[in-house]
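Residues 1 to 335 (the working numbering) make up the sequence shown, in order.
These aren't lab readings, by the way, just hints derived from the structure by calculation.
The reader is advised that the hints may include incorrect statements.
Dumping the calculated DSBU-like pairs for lysine-lysine here, alpha-carbon to alpha-carbon at most 35 Å [claimed, not checked]:
no.	residue 1	residue 2
1	K126	K306
2	K142	K303
3	K130	K223
4	K130	K163
5	K142	K130
6	K163	K126
7	K163	K306
8	K142	K223
9	K306	K142
10	K126	K142
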Amino acid sequence: MLSELIQEESSKFVEAPKSCTPQGALLSSMELPLRGTFYPLGYAVEIVTNEPAVLEAANETFGHAGVSRISAPLEVCIGVSEGLDPECPPEPTRRQYNHLYSLVAGPDNQALLDLNICIGFAWLTKAAVKNRLYFRYNFLEKTVYLLLGSSVVTDLHAACVSKNGRGILLCGDSGAGKSTLSYACARAGWTYTSDDTSYLINNSNAPRVIGHPHRVRFRPTAKALFPELEGRELTLRLEGKPSLEIPTSELPGLITAGEASVHSIVYLNRCRSAMATTVPLPEGTATQRMQEALYSAGEIRAKHEKILEVLSGIPTYELQYCDLDQAIRQLDFLV
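All chains, please: the whole structure from these sequences, using the hints.
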């Protein structure tokens, strides 16, 4: 259905002749006749473009989710031109001044977002869009989740699993084992919501998070822990780190949920020889640490800092562990 719509609409579009006028150089008259509505995290986002591959990439990225939340749709406009460089551009440089946010990967590939009024637009070359992984990670996902993060959710560097209806956020630095432990919990019968990033719902009375239950990402070393991952191909993430990204539908027996209530927060401390133990942390630790880790500025940061105060009263612990089974038993005590 989507492919038929793209073909029908794109057949109507004829690229405007290049102009040497100032207006032509601005690309301000570029027509964007193609539209598609998608529901990342359950919120409506309309993608407007002149390039069918943009909607195809959006469907790959967000097509798993259906509408589940009532909100005014956000709009992202993406204009695509031929460009002079046939090579894929470099990773964009990100800058923010108060509510204005930019992604710049050279003169022909850039995006600008207004996080106050929640609109974003990008001008990209066909070479950038052709590299599907580059486009999805660096521009499409970044733009959409930045707009959602400035309006309806606050992103947390945390995995989320739950048992008996009680959700636990698994936090920690990169490499602490969030993805590995969350998947190990899922294999042990826990409900899986997210492996690395969770989104705190801004207007919820009690702390609730949304995740990415449709997929799980691993470091390559996870193959040694989980035999079912053998034979899976690595994907080079744009930070240069190889990873395994697998749809949870291809991992039988997993229970997943798009949302979870937060009842405990656990910071992971993986030690080589430690027996698993759980140590309570002072009240407010999670709020302070998450505020320090915010990747935002100005009014948006102040808004996120205020929202994160809802986690101040949530019991917070440090989990020292080496063995996954021991770690899961410690988490069992919390639920």
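Results for each hint:
1. Restraint check: the Cα-Cα separation between K126 and K306 comes to about 41 Å, which exceeds 35 Å; the hinted pair is violated.
2. For the hint linking K142 to K303, the alpha-carbon distance of about 19 Å falls within 35 Å, and the restraint holds.
3. Between K130 and K223 the alpha-carbon distance is near 30 Å, which keeps this suggested pair within the 35 Å criterion.
4. Between K130 and K163 the CA atoms are separated by roughly 42 Å; this puts the pair beyond 35 Å, and the hint is violated.
5. As the CA atoms of K142 and K130 are separated by approximately 17 Å, the hinted pair is consistent with the 35 Å bound.
6. This hinted pair does not check out: K163 and K126 have alpha carbons roughly 46 Å apart, beyond 35 Å.
7. With a CA separation close to 28 Å, the supplied pair K163 and K306 stays within the 35 Å bound.
8. A C-alpha spacing of about 29 Å is found between K142 and K223, which places the hinted pair at or below 35 Å, so the restraint holds.
9. Between K306 and K142 the alpha-carbon distance is near 23 Å, which keeps this suggested pair within the 35 Å criterion.
10. Restraint check for K126 and K142: the C-alpha separation of about 18 Å stays at or below 35 Å, so the hint holds.
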